[in-house]
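Peer 1: The chain contents come next:
Number of protein chains: 2
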Amino acid sequence: MEEFIKKVKNYVEKNEKYLINEVRSLLQIPSISGTGEGIKETVSYLTKWIKDKLNGEVNLFNYFKNPIIYAKIKGKNSKKVIFYNMYDVQPVEPLESWESPPFEARIVGDKIIARGAYNTKGALMSCLLGILSYFELENELPFNILLVLEGEEELGSPSMPKFIEEKYEELKDSIMCYFAFPSERIIGKPMIVLGNKGIVFLEIKSKISKYDIHSSFSRGFINPVAVISSLISHLIDPIEGPKIPWLEEKAISPTDEDLQYLNDIKEASPLEEIMEMYGIKYSRIKGDEWYLSVYFKPTVNVDGIYSGYVGLGTKTIIPSEAIARLDFRLVPAIEPKDVIEGLNKIIERLGYKDLVEVKIHDAYTWSKTNPKEKVVEISKEVYKEMGLKPYIIPILPGSAPSYLFTRVLKIPMIATAPGHGGRAHAPNEYITLDTIPKIVMYTSILIKKLSTFQ
Amino acid sequence: MEEFIKKVKNYVEKNEKYLINEVRSLLQIPSISGTGEGIKETVSYLTKWIKDKLNGEVNLFNYFKNPIIYAKIKGKNSKKVIFYNMYDVQPVEPLESWESPPFEARIVGDKIIARGAYNTKGALMSCLLGILSYFELENELPFNILLVLEGEEELGSPSMPKFIEEKYEELKDSIMCYFAFPSERIIGKPMIVLGNKGIVFLEIKSKISKYDIHSSFSRGFINPVAVISSLISHLIDPIEGPKIPWLEEKAISPTDEDLQYLNDIKEASPLEEIMEMYGIKYSRIKGDEWYLSVYFKPTVNVDGIYSGYVGLGTKTIIPSEAIARLDFRLVPAIEPKDVIEGLNKIIERLGYKDLVEVKIHDAYTWSKTNPKEKVVEISKEVYKEMGLKPYIIPILPGSAPSYLFTRVLKIPMIATAPGHGGRAHAPNEYITLDTIPKIVMYTSILIKKLSTFQ
Numbered sequence: 001m002e003e004f005i006k007k008v009k010n011y012v013e014k015n016e017k018y019l020i021n022e023v024r025s026l027l028q029i030p031s032i033s034g035t036g037e038g039i040k041e042t043v044s045y046l047t048k049w050i051k052d053k054l055n056g057e058v059n060l061f062n063y064f065k066n067p068i069i070y071a072k073i074k075g076k077n078s079k080k081v082i083f084y085n086m087y088d089v090q091p092v093e094p095l096e097s098w099e100s101p102p103f104e105a106r107i108v109g110d111k112i113i114a115r116g117a118y119n120t121k122g123a124l125m126s127c128l129l130g131i132l133s134y135f136e137l138e139n140e141l142p143f144n145i146l147l148v149l150e151g152e153e154e155l156g157s158p159s160m161p162k163f164i165e166e167k168y169e170e171l172k173d174s175i176m177c178y179f180a181f182p183s184e185r186i187i188g189k190p191m192i193v194l195g196n197k198g199i200v201f202l203e204i205k206s207k208i209s210k211y212d213i214h215s216s217f218s219r220g221f222i223n224p225v226a227v228i229s230s231l232i233s234h235l236i237d238p239i240e241g242p243k244i245p246w247l248e249e250k251a252i253s254p255t256d257e258d259l260q261y262l263n264d265i266k267e268a269s270p271l272e273e274i275m276e277m278y279g280i281k282y283s284r285i286k287g288d289e290w291y292l293s294v295y296f297k298p299t300v301n302v303d304g305i306y307s308g309y310v311g312l313g314t315k316t317i318i319p320s321e322a323i324a325r326l327d328f329r330l331v332p333a334i335e336p337k338d339v340i341e342g343l344n345k346i347i348e349r350l351g352y353k354d355l356v357e358v359k360i361h362d363a364y365t366w367s368k369t370n371p372k373e374k375v376v377e378i379s380k381e382v383y384k385e386m387g388l389k390p391y392i393i394p395i396l397p398g399s400a401p402s403y404l405f406t407r408v409l410k411i412p413m414i415a416t417a418p419g420h421g422g423r424a425h426a427p428n429e430y431i432t433l434d435t436i437p438k439i440v441m442y443t444s445i446l447i448k449k450l451s452t453f454q
Numbered sequence: 001m002e003e004f005i006k007k008v009k010n011y012v013e014k015n016e017k018y019l020i021n022e023v024r025s026l027l028q029i030p031s032i033s034g035t036g037e038g039i040k041e042t043v044s045y046l047t048k049w050i051k052d053k054l055n056g057e058v059n060l061f062n063y064f065k066n067p068i069i070y071a072k073i074k075g076k077n078s079k080k081v082i083f084y085n086m087y088d089v090q091p092v093e094p095l096e097s098w099e100s101p102p103f104e105a106r107i108v109g110d111k112i113i114a115r116g117a118y119n120t121k122g123a124l125m126s127c128l129l130g131i132l133s134y135f136e137l138e139n140e141l142p143f144n145i146l147l148v149l150e151g152e153e154e155l156g157s158p159s160m161p162k163f164i165e166e167k168y169e170e171l172k173d174s175i176m177c178y179f180a181f182p183s184e185r186i187i188g189k190p191m192i193v194l195g196n197k198g199i200v201f202l203e204i205k206s207k208i209s210k211y212d213i214h215s216s217f218s219r220g221f222i223n224p225v226a227v228i229s230s231l232i233s234h235l236i237d238p239i240e241g242p243k244i245p246w247l248e249e250k251a252i253s254p255t256d257e258d259l260q261y262l263n264d265i266k267e268a269s270p271l272e273e274i275m276e277m278y279g280i281k282y283s284r285i286k287g288d289e290w291y292l293s294v295y296f297k298p299t300v301n302v303d304g305i306y307s308g309y310v311g312l313g314t315k316t317i318i319p320s321e322a323i324a325r326l327d328f329r330l331v332p333a334i335e336p337k338d339v340i341e342g343l344n345k346i347i348e349r350l351g352y353k354d355l356v357e358v359k360i361h362d363a364y365t366w367s368k369t370n371p372k373e374k375v376v377e378i379s380k381e382v383y384k385e386m387g388l389k390p391y392i393i394p395i396l397p398g399s400a401p402s403y404l405f406t407r408v409l410k411i412p413m414i415a416t417a418p419g420h421g422g423r424a425h426a427p428n429e430y431i432t433l434d435t436i437p438k439i440v441m442y443t444s445i446l447i448k449k450l451s452t453f454q
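Chains as they are written, first to last, in the working numbering: chain R, 1 to 454; chain S, 1 to 454.
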């Protein structure tokens, strides 16, 4: 192993410029799933790259809007490892806030600035380059790699469940699923993420009349903002938090095992740093309680609300309708159907059944990988070889459709990689330049370590 | 009197085309107080018209944005009657919904279509033409008319209190204030409006952070929509109505006298017609209770709310701020300060003092004229001469700064005129063509009747 590490170090040092340029080339092709801009070009580029450089067998699976790139790269034995990632990005607006064009991938100081640099085309290409480096050093992969690259992650991954269902037999006996992303929120402190909360993202709408009504009649009619506000205030107390017992009563989180990683969570994501980053004045809760709640409890949040008029001047109306969007995040053992049933019960109890429509946008469940899985140990060892000590994050407060791997395919999934980036979905999204050789190295060493997997 | 009525009838018949064209000429000049478009031209046009045709002494009073046109038209004796009206209108958007350009004042069938036709430049010019017709028939006014024409009514009349204060001595011994508007909501059923609710129009804002926060942290921070929703739901129950006892506990409304006019109110504005007009599905209350509440009780309404994102796609955030606008309508004896104090107490009681800012936009009090005032009898007599039976509306659920006349100057005020119009503030605002000669006649006869006022 020692020798292999040396070879990899040497490889990334010698090829640093090439590696960075390859990542920049991918970042220079737009791939905005919301608008469709550059999706075709990106799919062609990646397909050709995987065929030419990795000798992969590539197939495209088209269910909803953008294809899933599914590639098999043959190895020495019949074992399989899934590499999951995404090639789509969020829109670039507001353009004027970028210090360099979002698809120029300009190098500014020690960073590459580009939409997708951090989330996650930078990591995707670095990971592919990691496989390539293994090839160049060892001529052959020890096992089969199954690349699953989706182009709809920013749209809620609508095609993934169908794809996993269709390829179930081929995927289900894989050793693990690896999702590469630059996990050092604080440089030098990588995270191994083992789970995600599930999500139900829905819209509640109250439509009372065809037109806005003169507000002098407000004593006589129902105001749709009052309906939506009442419903929201039955779900959340702004200071106490969620106030719906059914959201938590079935939750089996945190477990004793989860609690062992509380310090890892705290050190990897200090609350003060999060508050500073967003300019937050107050925290509803503090200390351990904050981490226990945010990471391990289910939640309900209002993402937006809109009704009537709040522009310049006076406009006094009973608005004809009001709309709000809510997201519920789910921990073990709460499922999307629990949330939808619970919400409908509240609407019925309040007598709002005829006054409120609920429209589900996204709904998928939580995911957790056991920290005792051997692949977690292997991931830690890879970091050790690189001189880094990773933190174990048993579940992230955010959502991703990881359950498809852990709960449908029943294989362990780890989301990790060294490197640092930021401003996902925002202007001047970036990764640090050294993220690229670090992910290349990490991937190569991971393949090497996994080759001994029994 | 009979002879005078004949002369007036004859006059409006002979001059019908001229009268309609004079009204159209004013409607063809834009006068949007929000944007300032055409205000100067309108003020010049009216100033010249009043000087040339009515021999009025015109002065402009500029306090805030657009001048108050104050004109004295001399009469035989020293008595005074105030004619109040407004020359400003609301913006015309959405332009594409107009069937003819908003400042063309096109005649379509039996209507004139124009912004301001109904609210209230059509009535203003018809009223001036009524004074002119009196001149032409009788050579001299019996008393002084004081024209108070403001250009900021759609902005909440910010200059009017100062103007009334400054001209207090000159205005306070007037016989009455007359505000002409086409009052036949149902054709053939004019209303004599004797009062208005007061209003407090304000904004509540909750700002929690500098940037929108990733919603996965929602369990740990305060959501500003939850703050605003909670506050709203402590003010209004969507089905039960206002739920703040302090809003009603001092109210002395309806009085026994008010209740005598319940039938007038019901017949002049049938609930079914209001629901039909706005496309309203449910009424919170019904029958007499609806009218008693809407006309005689104070109320609180949400005019608009805005926060976060409810556009296409998924965006899961804790919005950095939320804003809502509320209007409170006040009956005797509730004053704006009662509302503001009451609201601040709720905010304090809920523990939201550091979380909510309140910004008052408009605030003025209620107005009522005693139905036993002699001028009300005179107004009824004018209708009788025209073959119409008016309804007495002791107080409108809507607001207007009428208190300046009834409570500051302590003179009776009546808002009335024959004629019909609609779609105030909306596309295709209109008056029926016959509204113009009818208001001319009404105004002439009113001057004649008031000349005998003791």
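Incorrect hints may appear among the rest.
Copies of the same chain are indistinguishable here, so a pair counts whether it falls within one copy or spans any two.
Claimed, not checked - In silico SDA-like pairs for lysine to any residue, Cα to Cα no more than 25 Å straight-line:
no., residue 1, residue 2
1, Lys266, Ala251
2, Lys7, Tyr282
3, Lys17, Glu289
4, Lys243, Thr255
5, Lys51, Glu96
6, Lys48, Glu104
7, Lys7, Asn139
8, Lys297, Asn139
9, Lys243, Ser78
10, Lys372, Glu104
11, Lys315, His234
12, Lys250, His234
13, Lys207, Arg423
14, Lys9, Pro270
15, Lys205, Tyr282
16, Lys9, Lys172
17, Lys345, Ser283
18, Lys389, Glu257
19, Lys281, Glu170
20, Lys353, Trp290
21, Lys243, Gly109
22, Lys210, Tyr383
23, Lys315, Ser159
24, Lys389, Gln260
25, Lys315, Glu276
26, Lys250, Gly109
Note that these hints are calculated values from the structure, not bench results.
Peer 1: Now, for every hint given, state plainly whether the structure supports it.
Peer 2: Against the structure, the hints come out as follows:
1. Lys266 to Ala251: Classified as within; 22 Å inside a copy, 56 Å across copies.
2. Lys7 to Tyr282: Neither, since 50 Å and 76 Å both go past 25 Å.
3. Lys17 to Glu289: Neither, since 46 Å and 79 Å both go past 25 Å.
4. Lys243 to Thr255: Intra 22 Å, inter 43 Å, cutoff 25 Å: intra-copy only.
5. Lys51 to Glu96: neither (38 Å within a copy, 55 Å between copies)
6. Lys48 to Glu104: within (21 Å within a copy, 63 Å between copies)
7. Lys7 to Asn139: within (13 Å within a copy, 111 Å between copies)
8. Lys297 to Asn139: Answer is neither; intra-copy 47 Å and inter-copy 85 Å both fail.
9. Lys243 to Ser78: Answer is neither: 51 Å inside a copy and 70 Å across each miss the 25 Å cutoff.
10. Lys372 to Glu104: neither (42 Å within a copy, 79 Å between copies)
11. Lys315 to His234: between (28 Å within a copy, 23 Å between copies)
12. Lys250 to His234: So lysine 250 and histidine 234 pass the 25 Å test inside one copy only (19 Å; across, 30 Å).
13. Lys207 to Arg423: between (37 Å within a copy, 22 Å between copies)
14. Lys9 to Pro270: neither (32 Å within a copy, 85 Å between copies)
15. Lys205 to Tyr282: between (30 Å within a copy, 16 Å between copies)
16. Lys9 to Lys172: neither (34 Å within a copy, 94 Å between copies)
17. Lys345 to Ser283: Classified as between: cross-chain Cα gap 24 Å, same-chain 31 Å, threshold 25 Å.
18. Lys389 to Glu257: within (19 Å within a copy, 83 Å between copies)
19. Lys281 to Glu170: neither (50 Å within a copy, 54 Å between copies)
20. Lys353 to Trp290: For lysine 353 and tryptophan 290, the Cα distance is within 25 Å only across copies (23 Å; inside one copy 35 Å).
21. Lys243 to Gly109: neither (47 Å within a copy, 59 Å between copies)
22. Lys210 to Tyr383: Answer is neither: 61 Å inside a copy and 36 Å across each miss the 25 Å cutoff.
23. Lys315 to Ser159: between (44 Å within a copy, 19 Å between copies)
24. Lys389 to Gln260: Intra 16 Å, inter 84 Å, cutoff 25 Å: intra-copy only.
25. Lys315 to Glu276: Cα proximity of lysine 315 and glutamate 276: across copies only (22 Å, versus 37 Å in one copy).
26. Lys250 to Gly109: For lysine 250 and glycine 109, neither the intra-copy (50 Å) nor the inter-copy (68 Å) Cα distance is at most 25 Å.
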